[in-house]
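Visitor: Following the hints, complete the assembly by docking chain B onto the known chain A.
Number of protein chains: 2
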Amino acid sequence: MAHSNPSASSAEDRGLSEEFAVPSHVEEVKKLMADFAEHHGSAGRRVVLITSGGTKVPLESRTVRFLDNFSSGRRGSSSAEYFLDSGYAVIFLHRHRSLYPYTRLYTGVNILDSLQLETDKGDTGHVLVNKEALPNIAKVLKRYQAVKVSGLLLPVEFNTLSEYLHLLKAAAQALSSIGSKAMFYLAAAVSDFYIPASEMPEHKIQSSNGPLQISMKMVPKMLSPLVKDWAPQAFVISFKLETNPSILLEKARRALETYNHQAVVANVLDTRRGYVVVVTKDTQYELLLTDEEVQKEAEIEDKIVTNLTAAHSQFISQQI
Amino acid sequence: MAHSNPSASSAEDRGLSEEFAVPSHVEEVKKLMADFAEHHGSAGRRVVLITSGGTKVPLESRTVRFLDNFSSGRRGSSSAEYFLDSGYAVIFLHRHRSLYPYTRLYTGVNILDSLQLETDKGDTGHVLVNKEALPNIAKVLKRYQAVKVSGLLLPVEFNTLSEYLHLLKAAAQALSSIGSKAMFYLAAAVSDFYIPASEMPEHKIQSSNGPLQISMKMVPKMLSPLVKDWAPQAFVISFKLETNPSILLEKARRALETYNHQAVVANVLDTRRGYVVVVTKDTQYELLLTDEEVQKEAEIEDKIVTNLTAAHSQFISQQI
Numbered sequence: 001m002a003h004s005n006p007s008a009s010s011a012e013d014r015g016l017s018e019e020f021a022v023p024s025h026v027e028e029v030k031k032l033m034a035d036f037a038e039h040h041g042s043a044g045r046r047v048v049l050i051t052s053g054g055t056k057v058p059l060e061s062r063t064v065r066f067l068d069n070f071s072s073g074r075r076g077s078s079s080a081e082y083f084l085d086s087g088y089a090v091i092f093l094h095r096h097r098s099l100y101p102y103t104r105l106y107t108g109v110n111i112l113d114s115l116q117l118e119t120d121k122g123d124t125g126h127v128l129v130n131k132e133a134l135p136n137i138a139k140v141l142k143r144y145q146a147v148k149v150s151g152l153l154l155p156v157e158f159n160t161l162s163e164y165l166h167l168l169k170a171a172a173q174a175l176s177s178i179g180s181k182a183m184f185y186l187a188a189a190v191s192d193f194y195i196p197a198s199e200m201p202e203h204k205i206q207s208s209n210g211p212l213q214i215s216m217k218m219v220p221k222m223l224s225p226l227v228k229d230w231a232p233q234a235f236v237i238s239f240k241l242e243t244n245p246s247i248l249l250e251k252a253r254r255a256l257e258t259y260n261h262q263a264v265v266a267n268v269l270d271t272r273r274g275y276v277v278v279v280t281k282d283t284q285y286e287l288l289l290t291d292e293e294v295q296k297e298a299e300i301e302d303k304i305v306t307n308l309t310a311a312h313s314q315f316i317s318q319q320i
Numbered sequence: 001m002a003h004s005n006p007s008a009s010s011a012e013d014r015g016l017s018e019e020f021a022v023p024s025h026v027e028e029v030k031k032l033m034a035d036f037a038e039h040h041g042s043a044g045r046r047v048v049l050i051t052s053g054g055t056k057v058p059l060e061s062r063t064v065r066f067l068d069n070f071s072s073g074r075r076g077s078s079s080a081e082y083f084l085d086s087g088y089a090v091i092f093l094h095r096h097r098s099l100y101p102y103t104r105l106y107t108g109v110n111i112l113d114s115l116q117l118e119t120d121k122g123d124t125g126h127v128l129v130n131k132e133a134l135p136n137i138a139k140v141l142k143r144y145q146a147v148k149v150s151g152l153l154l155p156v157e158f159n160t161l162s163e164y165l166h167l168l169k170a171a172a173q174a175l176s177s178i179g180s181k182a183m184f185y186l187a188a189a190v191s192d193f194y195i196p197a198s199e200m201p202e203h204k205i206q207s208s209n210g211p212l213q214i215s216m217k218m219v220p221k222m223l224s225p226l227v228k229d230w231a232p233q234a235f236v237i238s239f240k241l242e243t244n245p246s247i248l249l250e251k252a253r254r255a256l257e258t259y260n261h262q263a264v265v266a267n268v269l270d271t272r273r274g275y276v277v278v279v280t281k282d283t284q285y286e287l288l289l290t291d292e293e294v295q296k297e298a299e300i301e302d303k304i305v306t307n308l309t310a311a312h313s314q315f316i317s318q319q320i
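Line order of the protein sequences matches chains A and B.
Taking full-length UniProt numbering, the leading residue of the first sequence gets 1, the next gets one more, and so forth.
Taking full-length UniProt numbering, the leading residue of the second sequence gets 1, the next gets one more, and so forth.
Chain A on its own, in the form it takes in the complex (with noise of 0.2 Å):
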């Protein structure tokens, strides 16, 4: 891979501090994000910061309307669980209110839905949770307790798409003293448009100016600084949802082409659940659910990162 030098930042990389409002926690943050990846590199262990969720892109300055993207968080939170189990060290970069390690075998649960109150103790007494409303209970706390614990998981939230630019760009320069041993586990489903701030209204459209007509520009491509300037070592993995099959696994070979970064996962809106390719300059899996472990609930993520942590060894073992 060609290393640029790291001072001659891209034209993406330069007008991201002018087109996105800098969120006033990111030193913080990126100073926590750096402490957590020394810390876990020397004892030896790898990093993989995973993104997850969708991206808010306000229309209006004091924001009533915006344009979302479809993503629960899902695949980022579920693939958390099968890096944490793996060994890994988990950045955990999240869309506030999306989908959460563990947490997520439980939502849509509604919590007073599956409490009760310890009988003929009034107030004073336990309130205990009915195990039926919330299956396997017992045995997954303890398993989020023993993460809490173990300091391997440090979830960094965000909510516009502002946010998860700056807060993306933090963790890949924070994760670049670990090297190699640093994975990007890019999941997040981030806005392609946005509209520039000095373009935005500053209050509410009116709905009584006639019909709306939104004119977005488009959101430049973190991944070419992060390959190139931000983390150069790392192991950076990019993920692709079309709804249209047919022109999946092009665009997943441009992608490669273009960002000269280590795979693709690509997957169709349809099928996202059960079949995915994870595409490589040199290679393609296909990675695919069987009836039968569908039926055992087995999840498509665990695939997914047994393939990732086996290239991530093999990528290592090339740079030393």
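Hint data in this document are derived by calculation from the structure and do not stem from the laboratory.
There could be a bad hint or two in this list.
One copy or two, it doesn't matter: identical chains are merged, so the pair holds either way.
In silico SDA-like pairs for lysine to any residue, Cα to Cα no more than 25 Å straight-line [stated by the list, open to error]: (1) K251 with P58; (2) K281 with N110; (3) K251 with F315; (4) K240 with P58; (5) K221 with P232.
Guide: This is chain B only, laid out in the frame that chain A set:
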């Protein structure tokens, strides 16, 4: 109020099924709502239809991207509790995963952070709630369970703008049997703009095509057929949220003149939790939380509901 012939549907009404796909379960839900209204109406209760949360407007028919409105559903879910306290039966027409009565008090709490395993019992023991993580949980849980048993709360979910529009129409027709005992409390943040199904691309919009131009049509105002045709005897409240305080009251008055309904709750984005103005044809009530009330965690919805239930009583007495 001038009642038009109910069979002469308005222009807004006629366009509904043509431009917005009819959800498959709408007739089933309408029956549920009609039975609910009849049951509680004949028991002498009033029924309020609360709408809550934002609407999702797809940009593609196999949706990856959508336009959304900022709305947590806090106003609607909190108001539902005060209506239940006031003896109303409540149909809670809310956006999927927006805030829900009672449960809203624990939003943002990770459920796994609020539970603990009973000591020394392994996987077979109880799982208990950590009461510090969920303040007042025993009291709230009791109230939630009592409401559930009482059958006074009927939750109905929507996700897209199309679902919202059709379910609102169904609700209005379902509640028409109880006449002036029905209240509509339209707190949802409904999109003003949409893309007609006929103009929507099937597949994900390709960013390689360059900058995005979105052209959106204006959503028909449902308030007009609701007041004129669907539920002409009901007590109808709309909400007006603006970011610019200087145009707020004028817009509220104009809405009352246009739609000929009973009241507008006018509020400004930045101050909406502590200050609203209830505007009727002849009156204008400013409702405000004092600093002391804010400290005691009082909610402005308590005052809004008190104001409107009194106005509803007066409205009912005038119809007889």
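Visitor: Each hint should be assessed against the structure and marked as holding or not.
Guide: Against the structure, the hints:
In the homo-oligomer, the alpha carbons of K251 and P58 lie at most 25 Å apart only across protomers (24 Å), although the nearest pairing inside one protomer, at 28 Å, exceeds that limit. Proximity of K281 and N110 under a CA criterion of 25 Å is satisfied in neither setting, with 45 Å inside one chain copy and 40 Å between copies. In the homo-oligomer, the alpha carbons of K251 and F315 lie at most 25 Å apart inside one protomer (23 Å), although the nearest pairing across protomers, at 62 Å, exceeds that limit. For the identical chains of this complex, K240 and P58 are neighbours both inside a copy (24 Å) and across copies (20 Å), given an alpha-carbon limit of 25 Å.
Taking the shortest alpha-carbon separations for K221 and P232, only the intra-copy value of 16 Å comes in at or below 25 Å, while the best inter-copy value is 54 Å.
Hint compliance for this structure: hint 2 alone is broken.
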